[in-house]
Amino acid sequence: MALRLRWKRQRLLLRIWRNRRQIVPHVDRTQSITPTAILAFTTLRNEMLRLPYFLDYYRKLGVAHFLIVDNGSTDGSVEFLAAQPDVSLWTTAHSYKLSRFGMDWLGWLQWQYGPDHWCLTVDADELLVYPHCDSRDLHALTAHLDKNGQSALGALLLDMYPKGPLTNASYAKGQDPIAALGWFDGAGYRHRLHPVFGNQWIQGGPRDRMFFRADPDRAPTLNKTPLVKWHWRQVYVTSTHHMLPRRLNHVFDWPAKTVMTGALLHTKFLPDIAARSAEEVERKQHFENSVLYVDYYQKLIENPDLWTDGSMAYKGWQQLVELGLIAPGAWR
Amino acid sequence: MSLGVVMLVHSDFARAGQMVRHWAAGGCPVMIHVDSDVDTATFDWFVANLSDLDDVRFSTRHRCEWGMWGLVAATQDAAGQLLREFAHVDRVFLASGSCLPLRPISELRDFLDGCPQTDFIESATTADVPWTVGGLDRERFTLRFPFSWKRRRRLFDNYVKFQQAIGVKRKIPKGLVPHMGSQWWCLTRKTLTAILNDPKRRKYDRYFKRVWIPDESYFQTLVRKHATRIQSRSLTLSKFDFQGKPHIFYDDHAEILRRSGCFVARKIWPNAQVLFDSFPQATTPNGPTRPSTGTVDRIFGKAVERRTRGRPGLYMHSRYPNVKKANGISAAPFSVMHGFDALFPHFENWLAQQTDAQVHGHLFAKDKAQFADRSTVFRGALSDCARLRDYNAQGFLTNLLWTTRDRYQCFMFGPTDTPSIHWMLAHDTNARVWVISGAWSIPLFLSGRTAAETRAEAAHLQRCENKFLKALNAPQAHARIRISTLADFLDNPRDTLQVLVDQIAGHKARALSDLPEMADLGGLPAYLQELKNQGMHPFLTGDLSAEMHRNAAVNSEPRSYVVGHK
Numbered sequence: 001m002a003l004r005l006r007w008k009r010q011r012l013l014l015r016i017w018r019n020r021r022q023i024v025p026h027v028d029r030t031q032s033i034t035p036t037a038i039l040a041f042t043t044l045r046n047e048m049l050r051l052p053y054f055l056d057y058y059r060k061l062g063v064a065h066f067l068i069v070d071n072g073s074t075d076g077s078v079e080f081l082a083a084q085p086d087v088s089l090w091t092t093a094h095s096y097k098l099s100r101f102g103m104d105w106l107g108w109l110q111w112q113y114g115p116d117h118w119c120l121t122v123d124a125d126e127l128l129v130y131p132h133c134d135s136r137d138l139h140a141l142t143a144h145l146d147k148n149g150q151s152a153l154g155a156l157l158l159d160m161y162p163k164g165p166l167t168n169a170s171y172a173k174g175q176d177p178i179a180a181l182g183w184f185d186g187a188g189y190r191h192r193l194h195p196v197f198g199n200q201w202i203q204g205g206p207r208d209r210m211f212f213r214a215d216p217d218r219a220p221t222l223n224k225t226p227l228v229k230w231h232w233r234q235v236y237v238t239s240t241h242h243m244l245p246r247r248l249n250h251v252f253d254w255p256a257k258t259v260m261t262g263a264l265l266h267t268k269f270l271p272d273i274a275a276r277s278a279e280e281v282e283r284k285q286h287f288e289n290s291v292l293y294v295d296y297y298q299k300l301i302e303n304p305d306l307w308t309d310g311s312m313a314y315k316g317w318q319q320l321v322e323l324g325l326i327a328p329g330a331w332r
Numbered sequence: 001m002s003l004g005v006v007m008l009v010h011s012d013f014a015r016a017g018q019m020v021r022h023w024a025a026g027g028c029p030v031m032i033h034v035d036s037d038v039d040t041a042t043f044d045w046f047v048a049n050l051s052d053l054d055d056v057r058f059s060t061r062h063r064c065e066w067g068m069w070g071l072v073a074a075t076q077d078a079a080g081q082l083l084r085e086f087a088h089v090d091r092v093f094l095a096s097g098s099c100l101p102l103r104p105i106s107e108l109r110d111f112l113d114g115c116p117q118t119d120f121i122e123s124a125t126t127a128d129v130p131w132t133v134g135g136l137d138r139e140r141f142t143l144r145f146p147f148s149w150k151r152r153r154r155l156f157d158n159y160v161k162f163q164q165a166i167g168v169k170r171k172i173p174k175g176l177v178p179h180m181g182s183q184w185w186c187l188t189r190k191t192l193t194a195i196l197n198d199p200k201r202r203k204y205d206r207y208f209k210r211v212w213i214p215d216e217s218y219f220q221t222l223v224r225k226h227a228t229r230i231q232s233r234s235l236t237l238s239k240f241d242f243q244g245k246p247h248i249f250y251d252d253h254a255e256i257l258r259r260s261g262c263f264v265a266r267k268i269w270p271n272a273q274v275l276f277d278s279f280p281q282a283t284t285p286n287g288p289t290r291p292s293t294g295t296v297d298r299i300f301g302k303a304v305e306r307r308t309r310g311r312p313g314l315y316m317h318s319r320y321p322n323v324k325k326a327n328g329i330s331a332a333p334f335s336v337m338h339g340f341d342a343l344f345p346h347f348e349n350w351l352a353q354q355t356d357a358q359v360h361g362h363l364f365a366k367d368k369a370q371f372a373d374r375s376t377v378f379r380g381a382l383s384d385c386a387r388l389r390d391y392n393a394q395g396f397l398t399n400l401l402w403t404t405r406d407r408y409q410c411f412m413f414g415p416t417d418t419p420s421i422h423w424m425l426a427h428d429t430n431a432r433v434w435v436i437s438g439a440w441s442i443p444l445f446l447s448g449r450t451a452a453e454t455r456a457e458a459a460h461l462q463r464c465e466n467k468f469l470k471a472l473n474a475p476q477a478h479a480r481i482r483i484s485t486l487a488d489f490l491d492n493p494r495d496t497l498q499v500l501v502d503q504i505a506g507h508k509a510r511a512l513s514d515l516p517e518m519a520d521l522g523g524l525p526a527y528l529q530e531l532k533n534q535g536m537h538p539f540l541t542g543d544l545s546a547e548m549h550r551n552a553a554v555n556s557e558p559r560s561y562v563v564g565h566k
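So the sequence lines, in the order shown, correspond to chains A and B.
Just so it is clear: in the first sequence, position 57 is 57 by full-length UniProt numbering, and no numbers are missing.
Just so it is clear: in the second sequence, position 301 is 301 by full-length UniProt numbering, and no numbers are missing.
It should be emphasised that the hints constitute simulated quantities derived from the structure, not laboratory data.
Quick reminder that beta carbons are idealized off the backbone N, C-alpha and C, glycines included.
Any given hint could turn out to be false.
[Claimed, not checked] Sample of chain A residues lacking proximity to chain B, with all beta carbon distances greater than 10 Å (derived):
| hint | residue |
| --- | --- |
| 1 | ARG6 |
| 2 | VAL87 |
| 3 | ALA169 |
| 4 | LYS229 |
| 5 | LYS299 |
[As the list claims (entries may be wrong)] Okay, the calculated beta carbon distance ranges per label pair:
| hint | chain 1 | residue 1 | chain 2 | residue 2 | range |
| --- | --- | --- | --- | --- | --- |
| 6 | B | ASN349 | A | GLU322 | 30 to 36 Å |
| 7 | A | GLN298 | B | ARG153 | 54 to 60 Å |
| 8 | A | HIS194 | B | ASN533 | 51 to 57 Å |
| 9 | B | ASP252 | A | ARG59 | 16 to 22 Å |
[Said to hold, decoys possible] Covered stretches of chain A, as calculated for chain B (at least 3 residues, CB under 8 Å):
| hint | stretch |
| --- | --- |
| 10 | 142-151 |
| 11 | 181-188 |
| 12 | 209-220 |
| 13 | 304-311 |
Whole structure, please, built from the sequences with the hints as guidance.
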């Protein structure tokens with residue numbers, strides 16, 4: 001097994017290297033990266049609605065440089081990003097699906113710029129929260145992880161949704177999306193050990209209970225490892241859910257102790273979701289088996305209401321700790 | 001009285017410079033030791049930066065590595081130099097570049113004036129206090145540690161194992177009793193001079209050079225030989241995590257640091273601007289108080305506890321309990337009733353009235369989870385969808401018990417309910433499983449169909465139930481389990497139900513006034529006999545005689561004595 005995964009990792013690295021020319025530098029400001037900088041890596045397409053807040057949010061947390069791959073945006077994202085002083089931008093028109101959902105592209109950037117930096121790999125609709133994130137920035141967090149010999153931070157992808165049909169929520173560029181999407185599922189996440197990658201495989205949340213009742217196996221995976229101290233040997237396997245070497249997936253203690261973890265607030269369900277879903281059905285670029293997802297997108301286009309009596313209003317990281325969704329570990 | 005400061009610095013020179021200025025502004029001469037690993041340019045910059053301060057000097061530089069002798073040598077030299085160069089200093093405070101004074105230096109001085117001839121140093125014997133992390137406590141003093149723990153871990157470990165194997169036992173110099181404690185102290189000139197000028201110092205130094213982490217034991221041990229009055233505590237607030245690494249204080253700790261009343265705290269996050277801006281305070285708001293670290297201890301103590309034990313029954317990204325262990329599978333005790341609702345048609349309602357527990361129907365029913373309120377999405381957004389539930393049945397139940405841990409949970413169970421949960425119900429120490437075996441025969445009997453028609457179904461139910469009983473009877477089953485056959489139960493239903501309710505309601509339980517209404521069992525024995533005649537032996541029901549259910553009615557009358565009443 002260990003050997004097979006080693007080969008897999010080497011194969012992925014080779015693949016990243018082979019596909020390196022798929023992305024073309026648009027604006028390259030990577031000279032400004034300092035040795036202690038925390039870097040953010042993102043692939044996106046048409047995210048103009050979320051970008052202003054996204055960049056602000058992570059700037060405040062101490063991200064020094066954003067390395068972004070744009071996959072054919074038409075809504076002005078490219079122009080907006082090119083104008084930002086701390087963004088380096090690459091563009092590509094190749095298939096998102098064939099590049100392992102952008103992981104080949106980002107893998108190449110991480111291989112070049114990542115080593116010895118703490119690297120944050122997030123989508124434009126993911127906002128990282130962790131214990132004390134309102135008062136301590138990522139530098140404090142990563143120093144703590146370094147001190148404890150932890151080289152990765154695990155995070156639970158927490159789907160945020162509004163009360164009422166999805167498109168009824170109102171949101172304008174630059175606002176805090178959590179104000180519009182104030183609700184989440186406080187419990188009910190299924191955990192089990194992943195047989196191959198050795199991490200916990202977590203499923204659940206509103207998408208699971210609304211759209212994947214008939215086929216729970218296909219429900220979205222919610223465990224992620226977004227923040228990693230990079231080494232050139234490392235690769236993400238599928239999105240940021242699993243990593244190789246497997247050591248990095250051990251973001252939890254076996255058997256029962258609690259190490260620090262965070263959560264990614266998923267702002268997928270902003271009002272543009274119906275339009276985006278319609279587009280996704282056209283593009284067929286999403287996830288392992290796009291046919292299965294057609295049904296899912298179809299339901300999203302129908303503008304459902306994800307809210308139930310059991311939903312919880314988001315109040316901050318302390319609430320997530322109390323609910324047992326994130327853990328402060330030894331960080332007080 | 002005059003206070004001098006020895007400051008050990010190895011990084012974050014900008015912050016360290018700021019700290020030096022605090023001490024100097026408070027009127028304390030400062031002797032700075034800079035790690036010799038620091039490059040010349042940085043050192044020169046640091047010296048130049050502080051050159052405007054008269055009473056700030058730099059001592060001979062040593063190489064300081066955590067756990068090694070260099071730290072003690074550096075402290076010895078710097079302290080000696082301080083005492084020589086500033087003859088009026090009669091107390092020496094040992095600090096580091098990341099020690100932040102919380103209260104005005106003048107208050108520290110007043111405090112020290114109030115305790116003349118007292119040495120403040122945490123110093124405890126290794127024999128009495130099991131503080132150390134990692135198992136090496138007494139052995140720190142009896143083995144040799146020439147290798148760095150940080151850089152040469154394997155060599156360090158192997159050399160320790162080797163010495164343990166051949167039984168190395170160093171002799172502790174005569175007259176010394178090993179003591180340990182925080183590295184940060186405040187000693188009087190008299191004690192410090194006595195330690196530094198001890199006639200046997202060469203011998204002691206040679207001994208301590210091979211002790212592990214001598215900076216936590218050298219002064220702590222020698223002070224016991226020389227001091228007249230020791231307050232065994234450090235004036236520096238510093239907390240350690242479960243691995244023995246210091247906790248770092250951040251901006252959000254400002255309030256607890258303020259309330260702690262401590263004079264100095266470490267370590268401080270270098271970017272904690274709020275802390276550096278607000279400390280040292282100009283005055284202490286509540287007047288001069290003595291340091292009290294209660295709040296800080298509680299907050300950080302909780303961290304250690306939760307970090308090492310976790311929260312039982314919680315499954316999360318960072319916590320996956322070892323399921324082979326029977327402890328901590330679920331968050332709270334819960335009861336499972338198997339077969340009760342077949343015998344008592346309104347059992348759920350009755351039980352909910354008798355106790356204030358939350359009583360669910362068949363949570364693991366085939367079609368859907370029957371939550372107490374029969375909602376489709378239960379607390380914590382649990383769906384009643386059977387498919388989602390059975391996909392990870394154990395996860396479903398642990399999730400339910402975690403979100404509802406503020407209230408006692410009960411649910412009904414039956415032979416056809418999801419079998420993959422059997423294992424957990426039998427193993428979890430929190431589970432209380434009550435079984436009336438053979439109760440499945442009652443609904444079949446009441447359906448009015450003949451034994452011949454129901455034979456196959458009865459056989460199936462009995463097979464399923466038997467599987468469950470097998471799981472419960474397994475040697476590893478740690479749950480509290482009580483199994484009675486239908487016949488046994490009917491022999492005396494009141495006592496069983498009383499214990500069942502007592503267990504749920506705890507001390508609030510009362511003697512049962514009324515029992516739940518029982519299904520009419522007249523003709524059941526005949527029905528069971530007919531099943532037997534068909535070749536299907538209902539062995540799980542026990543021996544039901546025709547009088548049995550008449551007896552049950554008699555025995556369910558309240559007794560003259562009261563069970564479980566407190």
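Hint by hint, here is what the structure shows:
1. ARG6: holds, 23 Å
2. VAL87: Answer for A/VAL87: holds, closest chain B Cβ roughly 24 Å.
3. ALA169: holds, 19 Å
4. LYS229: holds, 17 Å
5. LYS299: Per Cβ check, A/LYS299 is outside 10 Å of chain B; nearest 15 Å; holds.
6. B/ASN349 <-> A/GLU322: 30 to 36 Å: holds, 33 Å
7. A/GLN298 <-> B/ARG153: 54 to 60 Å: Cβ of A/GLN298 to Cβ of B/ARG153: about 57 Å, so the range 54 to 60 Å holds.
8. A/HIS194 <-> B/ASN533: 51 to 57 Å: Holds - the Cβ-Cβ distance for A/HIS194 and B/ASN533, about 54 Å, lies within 51 to 57 Å.
9. B/ASP252 <-> A/ARG59: 16 to 22 Å: Holds, at about 20 Å.
10. 142-151: Three-residue rule met by the stretch 142-151 of chain A, so holds; n is 4.
11. 181-188: Result for this restraint: holds, n = 4.
12. 209-220: The restraint on the stretch 209-220 of chain A holds, since 6 of its residues have a Cβ under 8 Å from chain B and three suffice.
13. 304-311: It holds: at least three residues are needed, and the stretch 304-311 of chain A offers 4 whose Cβ sits within less than 8 Å of chain B.
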